[in-house]
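**Student:** Count the sequence shown with full-length UniProt numbering and you get residues 1 to 391, in order.
Hints are not guaranteed to be accurate.
Restricting the straight-line Cα-Cα distance to at most 27 Å, the calculated cross-link-like pairs of lysine-lysine (DSSO-like) are [as the list claims (entries may be wrong)]:
| no. | residue 1 | residue 2 |
| --- | --- | --- |
| 1 | Lys195 | Lys230 |
| 2 | Lys195 | Lys233 |
| 3 | Lys156 | Lys195 |
| 4 | Lys288 | Lys275 |
| 5 | Lys156 | Lys288 |
| 6 | Lys288 | Lys195 |
| 7 | Lys156 | Lys233 |
| 8 | Lys235 | Lys156 |
| 9 | Lys275 | Lys195 |
| 10 | Lys235 | Lys288 |
Label-pair restraints from in silico Cβ distances [as the list claims (entries may be wrong)]:
| no. | residue 1 | residue 2 | range |
| --- | --- | --- | --- |
| 11 | Leu153 | Pro199 | 50 to 58 Å |
| 12 | Gly92 | Thr213 | 29 to 37 Å |
| 13 | Thr300 | Asn45 | 37 to 45 Å |
| 14 | Arg18 | Arg369 | 45 to 53 Å |
| 15 | Ala53 | Asp276 | 45 to 53 Å |
Think of the hints as simulated: they come from the structure by calculation, not from any bench. Yeah, the Cβ is synthetic: ideal placement off N, Cα and C, and Gly gets one too.
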Amino acid sequence: IAPSPFRPPCPASERIFRWKSPAAAQLDEMLRQDSELIRLGYWSNLQDAYAEATRSTYGAGLLRFHQFCDRCSVPESRRMPADIHLLVGFIGCWSDKHSGSTLSNWLAGLRAWHEINNQPWVGEQPLLRLGRRSAKRAGKKHSRPPREPVTILHMKLLHDVLANSSPRDAAIWACACSLFWGCRRSGELTVTSTKGINPLHDVTISSASVSFTRTESNIDVIYFQIPWTKTTKEKGARMRLTARDDVLCPRRALQHHLLHANLDLPPHAPLFAFKDTSDARGFTPLTKTAFLDRCNDIWTAAGYIALNGHSFRIGGAVELLLMGVDPRTVALTGGWSSLAFLLYWQRLDEIIPFHTHAAYKSRDFRHVRSSIASFQSDENLIIPDSHDTVL
């Protein structure tokens, strides 16, 4: 990328805030003339509006946009606000090199960059919608393969290898059970960094308000609150986990983590933090990377392939459906809307590829297909063949 005073070197997660254009620089100058306190408050407030992972993704798109502009000798003043022809040209340039979802993320980053700097965004015009549709088709060959599910076999292997006596392993096991049976995304229960905790995004012991209780039907359950999800944002969600009578019980895993292995963690600690005498705080937050690395080390050592965080969400939903849980309940558990849930499970044959097929039986698939078909009929939902699934 060409050097420019409008683009100081900075981490990807900071680019949508620190990279400018002449028009954006005028906004900064106006804020300085008002009050330094107003300027600092303006930028501080906006930074809290995006999760760090989202900011990093947006920053990657912003880099590609400026590389494209440099190559085409686009002046700084035209880059923001960007006109419709520039945006369509940008998407067209990359359409045969990246998937449609990647390009959509890049455009979302450009839109955020414009909105943060109070600049007009023309990305909703029909011309760009046509460009995105074309890019989606051209980039289909770059789409990543469907994510594979964590199965019961994966979960039993984790249980057998993770050490009960280890505070770290106890936290990892409790997190794994919560993700699997709660059908949640790994980023909703773990943190991105051990250094900083964002209470608006990261679930802590105090904000979770974990409740071990029993229903009127005499069923042991666990309830806790998470402050943020990918779909509800700051509205968060309420986790509801039902006890089981086997080693994969989420209630037992959380009780061991919070009431034994990691007892007396401070209220501000993340829910799945673990005791660590080498840390000045007395605990270490469980990051998504550390969590997945430990799980994948166990699985690959046993001959399985490495999985990603979303695999817990997929696998938990598959297992609940195989157990006969009503699809509406599964959708509610994982925070899916009716339509999004159905769009996803229409792709069952892609979700369970050949090398995980052995974990299930053919009758299992027939059962899931039957329950999904019933769900679609009851909800009166029509799924267009050309609709892409978005999770």
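**Student:** Taking only the CA atoms, is the gap from Lys156 to Lys288 under or equal to 27 Å?
**Tutor:** Within the cut-off at roughly 20 Å; holds.
**Student:** Run the distance test for Lys288 versus Lys275: straight-line Cα separation, threshold 27 Å.
**Tutor:** Holds, at about 17 Å.
**Student:** Take the C-alpha atoms of Lys195 and Lys230, compute the straight-line distance between them, and say whether it is at most 27 Å.
**Tutor:** OK: Lys195 and Lys230 at ~22 Å, within 27 Å.
**Student:** Do the beta carbons of Thr300 and Asn45 sit within 37 to 45 Å of each other?
**Tutor:** holds, 43 Å
**Student:** Is the straight-line distance between the alpha-carbon of Lys235 and that of Lys288 27 Å or less?
**Tutor:** holds, 21 Å
**Student:** Checking one constraint from the list: CA of Lys156 to CA of Lys233, max 27 Å. Satisfied?
**Tutor:** With a Cα-Cα distance of about 32 Å, the restraint between Lys156 and Lys233 is violated, given a limit of 27 Å.
**Student:** Take a quick look at whether Lys195 and Lys233 sit within 27 Å of each other, Cα to Cα.
**Tutor:** It holds: about 22 Å lies between the C-alpha atoms, which stays within 27 Å.
**Student:** Straight-line Cα separation of Lys156 and Lys195 no greater than 27 Å?
**Tutor:** The given pair, whose Cα atoms are some 32 Å apart, is violated under the 27 Å limit.
**Student:** Using the Cβ atoms, figure out if Ala53 sits within 45 to 53 Å of Asp276.
**Tutor:** violated, 24 Å
**Student:** Against the 27 Å threshold, does the CA-CA distance of Lys235 and Lys156 hold or violate the hint?
**Tutor:** violated, 33 Å
**Student:** Verify the CB-CB distance for Leu153 and Pro199 against the hinted window 50 to 58 Å.
**Tutor:** violated, 36 Å
**Student:** Holds or violated: Lys288 and Lys195, Cα atoms, limit 27 Å.
**Tutor:** Holds, at about 13 Å.
Comparing the model with each numbered hint stated earlier shows that hints 3, 7, 8, 11, 12, 15 do not hold.
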